[in-house]
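S.K.: Take a look at the letters that make up each chain.
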Amino acid sequence: MTTKRAVLQLDGLTCPSCMTKIESALAHQPGVEKVKVLFNASKAKADFDDSKVSAEELGQVVDKLGYEVKKIKVKDTVATK
Amino acid sequence: MKFQRYIQNHQNQITLASAILIAIGFAGKYLLSSTVVYDWAFILASIIAAVPIMIHAYQSLRVKVISIELLVSIAVVGAFIIGEYNESAIVTFLFLFGSYLEQRTLSKTRQSIKSLTQMAPETAVILHDDGTQEEVDIDDVDEGDHIMVKTGASVPVDGNIVSGSGYLDESVITGESKAVAKTAGDSVYSGSILGNGTLTVEATKVGEDTTFGKIIELVEDAQDAKSPAESFIDKFAQYYTPAVLVIAVLVYLFTRDFPTAITVLVLGCPGALVIGAPVSNVAGIGNGAKRGILLKGGAVMDDFAKVDTFVFDKTGTLTLGNTAVSAVKDYADDSKEALALVARAERLSNHPLGKAITDYATHEKVDFEQLDVAENDTVKGQGLTATIDGHHVLVGNLKMMNANSIALTDTQKADLTDVQHTGSSVVMVAVDGALKLILGVSDTIRPGIKAQLQALRDHGAKHLVMLTGDNKITAQYVAEQIGLDEVHAELLPEEKVDYIKKFKDQGRTVAFVGDGINDSPAIATAQIGIAMGSGTDVAIETSDVVLMQSSFEALVHAYALSKKTVINTKENIAIAIGVVVFLLIGLIVGFIYMASGMFVHEASILVVIFNAMRLISYGKMPTQAQQAATQKTSLT
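Chains A and B are the protein sequences, given in the same order.
Last residue of the first sequence? That's 81 in the numbering used here, and every number before it is there in order.
Last residue of the second sequence? That's 717 in the numbering used here, and every number before it is there in order.
Mixed in with the good hints, there may be bad ones.
What the hints assert, rightly or not - Quick look at which bits of chain B chain A covers, simulated, 3 or more residues with Cβ under 8 Å:
1. 84–90
2. 145–155
3. 299–305
Said to hold, decoys possible - Straight-line Cα separation of at most 27 Å, DSS-like style, residue types lysine-lysine; simulated pairs:
4. Lys145(B) - Lys36(A)
5. Lys45(A) - Lys195(B)
6. Lys73(A) - Lys295(B)
7. Lys34(A) - Lys307(B)
8. Lys651(B) - Lys387(B)
9. Lys286(B) - Lys4(A)
10. Lys189(B) - Lys295(B)
11. Lys71(A) - Lys295(B)
12. Lys73(A) - Lys189(B)
13. Lys71(A) - Lys189(B)
14. Lys583(B) - Lys461(B)
15. Lys231(B) - Lys295(B)
16. Lys70(A) - Lys286(B)
Think of the hints as simulated: they come from the structure by calculation, not from any bench.
Where is the CB? At the ideal position from N, CA and C, for every residue including glycine.
Using the sequences and the hints, build the whole thing.
M.R.: Below you can see the structure in the form of structure tokens.
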């Protein structure tokens with residue numbers, strides 16, 4: 001299994017509670033291991049198992065919450081067993 | 082889903098419509114004396130403004146978060162049920178208008194970071210092997226690609242110049258706006274701007290791996306790296322919002338007073354408290370980032386503000402680190418030969434003094450590169466020994482000469498003291514058992530440093546210390562020139578760490594300031610490790626504060642800024658708590674109701690944001706004039 005990191009660039013986050021919302025919504029997705037939402041940079045970073053979920057799907061989750069996803073970047077992280 | 086998106090995209094228009102309806106309502110009441118217009122205008126205003134709030138509340142609930150919007154939604158529905166249409170309309174309007182203002186002002190505090198990230202190049206022109214050029218997205222550039230950079234464009238990658246030359250403005254990396262001439266073989270950094278010329282650059286690092294990419298990531302992370310106070314507030318808020326809901330229910334159950342219960346919901350919004358501390362940090366970190374000062378988050382600011390002891394490395398920190406041979410005492414028959422031998426020996430080491438000596442030898446047109454080296458050895462804390470061209474060569478300090486029983490004549494002893502008293506580091510050279518040369522290598526004390534150190538004291542630094550591997554007399558000389566409280570010389574790197582540990586044990590909060598290249602242990606040991614004038618990977622990773630520009634002004638500013646930020650954070654927390662207390666008293670005494678409560682609540686959020694924004698413009702920007710003043714004033 002490979003773990004990848006998705007970095008979602010969002011349209012400006014304004015309320016700290018938005019952060020909690022996005023964070024827990026992403027964390028509840030299958031295959032997502034670690035989520036960090038950067039409030040000030042308006043970015044969500046999620047480590048996920050790409051056999052269970054795709055970065056695009058994660059983007060859609062955030063989109064459904066009502067936050068515009070401007071850009072999705074996927075990076076390889078160190079492979080774990 | 083489309084409906085939700087539509088509402089969210091038109092929140093500002095909804096806010097405006099609700100404002101107009103509220104105005105119509107008041108006009109209806111006071112101008113036309115029509116309660117029908119009044120009621121209906123407010124009913125309409127409440128409904129349209131409540132929609133976006135309820136959508137947010139619902140979305141949060143779906144992920145099991147009790148949000149402020151939920152509290153407001155319940156309160157509004159409650160007010161509606163008991164026919165308080167004007168209250169519900171004004172509460173929803175104020176809530177929407179408040180978040181609009183919040184958004185506007187928050188984006189101002191984030192502006193400095195935004196302007197930094199916007200400098201990151203988006204595209205690159207790849208030069209293919211067949212000579213064709215292709216403009217591609219920056220994410221599609223690979224290491225090893227040849228990139229074309231034209232005049233006025235920013236370099237999109239870290240790499241080496243393959244061909245061409247030009248002047249580069251590296252201010253995003255160094256914070257210093259000065260054009261640097263670079264040509265084939267030199268390395269360039271992503272984000273620097275090519276003032277003139279055309280370059281072909283071979284990419285060595287791309288995207289987020291570039292120094293500039295790391296800086297951006299660091300600053301972004303730093304803004305969300307919470308201080309202990311912030312983490313506490315965050316935890317608190319997590320339970321606070323649901324608790325408010327419970328309290329409101331309890332209030333209703335015990336008093337059967339429905340209006341008071343829903344007022345509790347509105348007053349309970351923890352807005353200013355949650356936003357107060359982070360917004361101060363964002364503004365403070367942004368202020369630093371604009372000046373090439375990277376502070377790694379709220380906790381670092383907290384600790385930095387508490388620092389009372391500054392420990393400095395000497396070379397490259399208190400001094401400029403551009404050493405040069407400043408005194409030569411010659412006892413050799415063939416002085417060129419002696420110089421050639423020592424220069425050849427110094428070629429083997431990467432000691433900063435070594436470079437000064439090889440430079441000097443090259444300048445004196447001594448041919449030493451070809452000399453044959455049979456063996457060489459470094460003696461820690463003394464110098465080095467080598468067999469060069471058949472001669473046994475000792476290069477080092479007095480300790481080394483004594484250890485090898487090299488006798489000094491009275492003249493030589495006097496010369497040695499002379500050289501030492503000029504503040505120079507001394508390099509003694511013995512060839513085949515006899516002293517041949519005493520070289521004085523001196524460094525330049527950083528100009529204006531005395532005033533900057535005084536500024537540190539004015540901002541609250543109590544104890545200034547220098548730790549150096551250099552000899553005692555040189556160290557003493559530098560210390561006297563600039564006014565330090567404590568000096569320890571002739572130290573090995575691990576001894577510097579021991580001193581820092583000792584200071585910490587004495588209950589001091591210690592900041593270590595070094596060049597970030599070879600003093601990582603000390604930087605890691607001190608509570609606050611400060612790397613000065615270096616954006617190297619190691620420096621960025623190990624230190625708490627990175628000063629991109631090698632300047633004491635930046636250090637003083639960073640220290641003062643941390644103190645200001647911490648004070649600002651405390652002010653904001655005090656304001657927020659004050660407001661909660663005020664509202665609570667207002668509720669009990671009865672002069673606060675839903676609409677006025679919401680007004681105070683939103684106003685307090687804006688007050689803390691505006692308070693934090695004062696930090697953005699704190700301090701002067703470094704100017705060209707100050708940089709021009711950074712001229713070299715030599716020791717000797």
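S.K.: Hint by hint, say whether it matches the structure.
M.R.: Taking the hints in turn, this is what the structure says about them:
1. By the rule of at least three residues with a Cβ nearer than 8 Å to a Cβ of chain A, the coverage given for the stretch 84–90 of chain B holds, with 3 such residues.
2. Coverage of a stretch by a chain is defined here by at least three residues with a beta carbon nearer than 8 Å to that chain's beta carbons; for the stretch 145–155 of chain B and chain A the count is 5, and the condition holds.
3. Coverage of the stretch 299–305 of chain B by chain A holds. Counting CB-CB distances below 8 Å, 4 residues qualify, and the rule asks for three or more.
4. With a C-alpha separation of about 18 Å, the suggested pair Lys145(B) and Lys36(A) falls inside the 27 Å cut-off, and the hint holds.
5. As the CA atoms of Lys45(A) and Lys195(B) are separated by approximately 18 Å, the hinted pair is consistent with the 27 Å bound.
6. Our distance criterion of 27 Å between C-alpha atoms is met by Lys73(A) and Lys295(B), whose separation comes to about 16 Å.
7. At most 27 Å may separate the alpha-carbon atoms for a hinted pair to count; Lys34(A) and Lys307(B) meet this at roughly 18 Å.
8. Distance check on the hinted pair: Lys651(B) and Lys387(B) sit about 14 Å apart at the alpha-carbon level, within 27 Å; holds.
9. Of the supplied pair hints, the one linking Lys286(B) and Lys4(A) holds, its CA atoms being roughly 20 Å apart against a limit of 27 Å.
10. At most 27 Å may separate the alpha-carbon atoms for a hinted pair to count; Lys189(B) and Lys295(B) meet this at roughly 23 Å.
11. Straight-line distance between C-alpha atoms of Lys71(A) and Lys295(B) comes to about 19 Å, which keeps the hinted pair within the 27 Å bound.
12. With a C-alpha separation of about 26 Å, the suggested pair Lys73(A) and Lys189(B) falls inside the 27 Å cut-off, and the hint holds.
13. Pair hint Lys71(A) plus Lys189(B) holds up; C-alpha atoms about 22 Å apart against a cutoff of 27 Å.
14. Pair hint Lys583(B) plus Lys461(B) holds up; C-alpha atoms about 23 Å apart against a cutoff of 27 Å.
15. For the hint linking Lys231(B) to Lys295(B), the alpha-carbon distance of about 24 Å falls within 27 Å, and the restraint holds.
16. Straight-line distance between C-alpha atoms of Lys70(A) and Lys286(B) comes to about 25 Å, which keeps the hinted pair within the 27 Å bound.
Of the numbered hints listed earlier, not one is contradicted by the structure.
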